[in-house]
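Chemist: The primary structure of each chain is shown beneath.
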Amino acid sequence: METIQSLLGGFAVALSGINLLFGFLGCLLGTVVGVLPGLGPAATISLLLPVVYAMNSPATSLIFLAGIFYGSMYGGSTTSILLNLPGEAASVVTAIDGHEMAKKGRAGAALSIAAIGSFIAGTVGVIGMSFIGPPVAELALKFGAPEYFALMVLGLLLAVFLTSGSPLKGCIMLFLGIFLANIGIDPLTGRERFTFGTLELMGGFDFVTIAMGMFGLSEILLTLEKEVSSEFVTTKIGRLWPTAKDWMESKWAIIRGSIIGFFVGVIPGGGAVVSSLVSYSVERKFAKHPEEFGKGAIAAVAGPESANNGASSSSFIPLLTLGIPCNASIAMIYAALLVQGITPGPFLLNDHPDVFWGVIASMYIGNVILVILNLPLVGVWVKLLKIPFGILAPLIVMITAVGCYSLENNMFNVFAFIGFGIFGYIVRKLDFEPGPLLMAFILSPLMENSLRQSLMLSQGSFSIFFTRPISGSFMATFFIVIIWQFISKFRKSRKKGPVSFL
Amino acid sequence: MKKVIPLLLVTILLSSLLLSGCGNKPAPAVSSSAPSPSGSVPAAPATGSEPPKEWTPERAINIIVPYTAGGSSDLLGRAIEKVWSKYCEQPVQIVNKPGGGGVTGSVYVANSPPDGYTLGLAYGSGCDMSMPFLQELEYDPFEALDPLCLISIHTVMVGVPENSEFNSLADMIKWSDETGKPITAASSTANGTVDLVLQGLAYSTGANIVIIPHDGTAGSITTLVGGQTMIGGAHPSDFLPQYKAERIKLIGVATDERDSSMPDVPTLKEQGVDFSAWGSIKGVSVPKNMPDNIKKYYEKLFKQICEDEEFIKIMNDMGQPVMYEDIETFTKTFKNASEDYRNLIDNLGLTYKK
Numbered sequence: 214m215e216t217i218q219s220l221l222g223g224f225a226v227a228l229s230g231i232n233l234l235f236g237f238l239g240c241l242l243g244t245v246v247g248v249l250p251g252l253g254p255a256a257t258i259s260l261l262l263p264v265v266y267a268m269n270s271p272a273t274s275l276i277f278l279a280g281i282f283y284g285s286m287y288g289g290s291t292t293s294i295l296l297n298l299p300g301e302a303a304s305v306v307t308a309i310d311g312h313e314m315a316k317k318g319r320a321g322a323a324l325s326i327a328a329i330g331s332f333i334a335g336t337v338g339v340i341g342m343s344f345i346g347p348p349v350a351e352l353a354l355k356f357g358a359p360e361y362f363a364l365m366v367l368g369l370l371l372a373v374f375l376t377s378g379s380p381l382k383g384c385i386m387l388f389l390g391i392f393l394a395n396i397g398i399d400p401l402t403g404r405e406r407f408t409f410g411t412l413e414l415m416g417g418f419d420f421v422t423i424a425m426g427m428f429g430l431s432e433i434l435l436t437l438e439k440e441v442s443s444e445f446v447t448t449k450i451g452r453l454w455p456t457a458k459d460w461m462e463s464k465w466a467i468i469r470g471s472i473i474g475f476f477v478g479v480i481p482g483g484g485a486v487v488s489s490l491v492s493y494s495v496e497r498k499f500a501k502h503p504e505e506f507g508k509g510a511i512a513a514v515a516g517p518e519s520a521n522n523g524a525s526s527s528s529f530i531p532l533l534t535l536g537i538p539c540n541a542s543i544a545m546i547y548a549a550l551l552v553q554g555i556t557p558g559p560f561l562l563n564d565h566p567d568v569f570w571g572v573i574a575s576m577y578i579g580n581v582i583l584v585i586l587n588l589p590l591v592g593v594w595v596k597l598l599k600i601p602f603g604i605l606a607p608l609i610v611m612i613t614a615v616g617c618y619s620l621e622n623n624m625f626n627v628f629a630f631i632g633f634g635i636f637g638y639i640v641r642k643l644d645f646e647p648g649p650l651l652m653a654f655i656l657s658p659l660m661e662n663s664l665r666q667s668l669m670l671s672q673g674s675f676s677i678f679f680t681r682p683i684s685g686s687f688m689a690t691f692f693i694v695i696i697w698q699f700i701s702k703f704r705k706s707r708k709k710g711p712v713s714f715l
Numbered sequence: 009m010k011k012v013i014p015l016l017l018v019t020i021l022l023s024s025l026l027l028s029g030c031g032n033k034p035a036p037a038v039s040s041s042a043p044s045p046s047g048s049v050p051a052a053p054a055t056g057s058e059p060p061k062e063w064t065p066e067r068a069i070n071i072i073v074p075y076t077a078g079g080s081s082d083l084l085g086r087a088i089e090k091v092w093s094k095y096c097e098q099p100v101q102i103v104n105k106p107g108g109g110g111v112t113g114s115v116y117v118a119n120s121p122p123d124g125y126t127l128g129l130a131y132g133s134g135c136d137m138s139m140p141f142l143q144e145l146e147y148d149p150f151e152a153l154d155p156l157c158l159i160s161i162h163t164v165m166v167g168v169p170e171n172s173e174f175n176s177l178a179d180m181i182k183w184s185d186e187t188g189k190p191i192t193a194a195s196s197t198a199n200g201t202v203d204l205v206l207q208g209l210a211y212s213t214g215a216n217i218v219i220i221p222h223d224g225t226a227g228s229i230t231t232l233v234g235g236q237t238m239i240g241g242a243h244p245s246d247f248l249p250q251y252k253a254e255r256i257k258l259i260g261v262a263t264d265e266r267d268s269s270m271p272d273v274p275t276l277k278e279q280g281v282d283f284s285a286w287g288s289i290k291g292v293s294v295p296k297n298m299p300d301n302i303k304k305y306y307e308k309l310f311k312q313i314c315e316d317e318e319f320i321k322i323m324n325d326m327g328q329p330v331m332y333e334d335i336e337t338f339t340k341t342f343k344n345a346s347e348d349y350r351n352l353i354d355n356l357g358l359t360y361k362k
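As they're listed, the protein sequences go chains S and A. Just so we're aligned, residue 214 is where the first sequence starts under the working numbering, counting upward by one. Just so we're aligned, residue 9 is where the second sequence starts under the working numbering, counting upward by one.
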């Protein structure tokens with residue numbers, strides 16, 4: 214009851230004119246940032262901090278910045294589905310089946326289900342945050358280095374399943390991704406790795422250049438092979454709304470995705486990305502037609518997209534209840550609050566209830582704003598596909614190249630984008646899929662750090678991964694999945710005669 | 009509807025151009041503003057010929073923080089950003105370039121043109137002070153950058169989780185002696201100033217301290233609060249939110265005097281551990297060969313910021329004392345601190361040998 218009282222107080226804050234306006238602006242800006250390739254929420258928040266300081270109201274500024282963050286998660290799915298351009302790490306999984314759907318003329322259904330899934334997951338996330346936030350936050354603290362390592366190992370295993378093709382080729386891409394992530398400066402010791410003394414490589418490759426190149430640009434190059442007159446995706450748009458069958462297939466995916474996102478999103482670091490991977494694999498297991506995954510299954514869009522939005526809500530929990538920032542964007546918000554004299558953490562609830570409940574209430578409102586903003590846009594976005602390929606493709610390349618340039622304002626990232634585009638084209642011609650590479654690129658730095666930290670903790674003994682309850686159960690799951698894969702392959706081969714593992 | 013789409017496209021294109029224009033680094037209004045390998049200095053007037061007296065910036069200025077968002081150096085940058093517009097007409101952008109314990113961001117500043125639009129923050133941190141003596145490092149703080157001014161010095165404190173049985177260093181040493189087990193310790197950066205204090209603590213007390221480095225403060229604080237390690241080191245402003253929330257106890261500060269922002273925390277020396285260090289020096293750096301008039305401009309600007317009452321209040325609330333020093337004094341401080349660190353690390357027998 215007390216929670217509902219406080220929440221109502223929060224709504225009073227969030228619904229006041231100026232807060233409502235900035236909540237809306239934040240969501241709008243977030244959507245734009247999510248749609249634009251190259252510009253992420255962290256960079257945008259950093260850019261807008263001077264504006265925030267001028268507001269002189271911590272509640273308003275937090276509502277605004279939070280809107281940008283979760284708004285960008287909504288927007289991120291748009292370009293992933295339409296143009297195969299995942300702008301955020303958490304949208305990579307959405308792109309895989311989402312774009313396949315668009316190719317089949319079902320872009321409208323994919324976008325609508327992504328928006329609705331995001332809305333439901335976002336709302337589930339905020340409800341969870343209001344009522345069971347503090348105990349869930351303690352979960353974040355249970356994660357030490359061994360737990361991270363086990364989680365990342367599991368995440369990488371799930372990444373292999375992102376491919377509909379050969380697991381061996383998936384593994385090859387996975388290891389390539391791990392290698393690419395190693396380029397740059399070792400985060401723990403400051404030593405250079407694989408930089409050949411060049412300055413540009415010291416900072417390592419940017420996620421955006423790889424994602425845009427291997428997904429978006431290679432897609433365009435593949436289309437170029439076909440007749441010049443052919444369309445990029447399809448001019449056939451089909452119906453905008455999901456069919457009754459789509460609903461049946463996605464409703465549980467959305468609910469499962471929301472719950473997975475909420476709990477996994479609390480884990481600092483790779484929460485959002487891992488939750489989308491977990492959701493993808495779970496949906497594949499629950500699906501009636503798992504063979505459709507990777508070829509445009511709507512549950513594969515609904516689940517992961519819900520998961521990453523649920524995660525974006527719940528990643529605020531450690532910030533607000535523990536004073537621990539989960540990712541770069543949230544860390545920026547944390548700094549902005551501290552500079553304004555607000556200390557995020559357990560006392561926020563008592564010392565500044567207006568800020569605490571105001572931002573939570575604003576997230577309920579923000580989710581409604583976003584779904585109202587995004588659903589009508591679906592009709593506009595899918596019309597993009599009507600633009601002839603000859604016009605659309607150069608525009609995409611140009612906008613994406615500008616986005617890559619804006620990462621560091623240098624040409625290196627543009628060249629990297631083009632390079633990864635060509636590389637992506639070649640490997641995709643050879644039936645390798647870029648998904649696992651990208652996932653490994655995102656997850657492996659976390660995995661490497663936590664492996665090294667764990668082994669320092671245990672004085673070099675690998676038993677540390679098996680003796681702690683959380684990491685132990687992750688590792689057990691890892692081995693069970695692998696063994697189960699072999700057994701099921703073996704059974705199939707007994708039935709159908711020799712089947713290669715590749 | 010047909011007209012909407014081209015309109016939409018144009019809007020997206022324009023906004024992406026616009027946003028990238030005011031992005032991380034200023035748009036190349038000057039031909040050489042893109043980061044180029046060292047040596048390609050624009051035709052800046054040599055110190056011999058008198059440059060135009062007054063210099064004022066004409067576009068946005070980037071301040072590079074070589075550490076992750078939310079850490080003590082980043083907070084310092086955000087505090088500067090908060091009051092910046094009172095003293096400078098052009099906006100400032102704080103850019104986090106973490107990696108390699110601060111090397112990535114520092115090298116980025118060193119390779120930026122000395123045109124007054126890229127400055128570095130946190131000059132005098134681990135990668136400038138302790139790392140060069142503790143490990144092989146391609147980066148040399150003296151050769152890469154020039155000092156501009158000092159803003160703050162962050163002491164290093166040792167903390168334990170709130171439910172820890174250690175209430176003082178004596179408890180910790182006693183536990184170590186009795187059990188013979190290693191003490192796990194979280195540090196933000198390998199061989200940074202915090203790391204050095206933990207190494208020094210191990211050396212001076214004879215305790216077996218296993219240091220777990222992280223890739224930033226957020227990670228090491230989370231590890232410590234979660235009780236994943238037994239002790240941890242960080243700067244006061246990193247500990248402050250958790251200290252206020254009583255999730256962390258602070259058992260020692262590694263300076264000769266107590267930290268004025270947290271006077272309850274005893275020094276290591278008070279507790280009979282003969283170890284103290286400068287802490288992390290947070291100065292402003294500029295690329296080499298910056299014309300004097302630009303340096304003068306910023307020296308004055310940062311002096312004004314450091315005298316600003318709002319800035320001083322923000323800094324005090326965050327546990328960061330404001331201690332401005334001009335170019336001349338800071339250059340000396342920087343040299344002295346580096347020398348002290350060299351001797352300290354040498355005396356501890358930790359100096360890196362190939």
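Read the hints as simulated data drawn from the structure, not as lab findings. Given the structure is predicted, the values throughout are model-derived calculations rather than measurements. Among these hints, one or two may not hold up.
Okay, derived cross-link-like pairs now, DMTMM-like style, lysine to aspartate or glutamate, Cα gap no bigger than 20 Å in a straight line [as the list claims (entries may be wrong)]:
1. A:Lys252 x S:Asp564
2. A:Lys361 x S:Glu405
3. A:Lys257 x A:Asp325
4. A:Lys296 x A:Glu336
5. A:Lys252 x S:Asp399
6. A:Lys189 x A:Glu173
7. S:Lys355 x A:Asp325
8. S:Lys355 x A:Asp148
9. A:Lys362 x S:Glu351
10. A:Lys308 x A:Asp325
11. A:Lys257 x S:Glu351
12. A:Lys362 x S:Asp564
13. A:Lys321 x S:Glu405
14. A:Lys343 x A:Glu173
Chemist: Give a verdict on every hint.
Modeler: These are the hints, each one checked on the structure:
1. A:Lys252 x S:Asp564: Satisfied, since the Cα-Cα distance of roughly 12 Å is no more than 20 Å.
2. A:Lys361 x S:Glu405: At roughly 18 Å apart (the allowed maximum being 20 Å), Glu405 of chain S and Lys361 of chain A satisfy the hint.
3. A:Lys257 x A:Asp325: holds (19 Å)
4. A:Lys296 x A:Glu336: holds (16 Å)
5. A:Lys252 x S:Asp399: It is violated: about 33 Å lies between the C-alpha atoms, which goes past 20 Å.
6. A:Lys189 x A:Glu173: Roughly 15 Å between the alpha carbons, so the hint for Lys189 of chain A and Glu173 of chain A holds.
7. S:Lys355 x A:Asp325: violated (30 Å)
8. S:Lys355 x A:Asp148: With a Cα-Cα distance of about 39 Å, the restraint between Lys355 of chain S and Asp148 of chain A is violated, given a limit of 20 Å.
9. A:Lys362 x S:Glu351: violated (44 Å)
10. A:Lys308 x A:Asp325: Judged against 20 Å, a Cα distance of about 24 Å means the pair is violated.
11. A:Lys257 x S:Glu351: Holds, at roughly 19 Å.
12. A:Lys362 x S:Asp564: Outside the cut-off at roughly 54 Å; violated.
13. A:Lys321 x S:Glu405: violated (40 Å)
14. A:Lys343 x A:Glu173: Not OK: Lys343 of chain A and Glu173 of chain A at ~40 Å, beyond 20 Å, violated.
When the structure is compared with the earlier hints, violations turn up for hints 5, 7, 8, 9, 10, 12, 13 and 14 and for no others.
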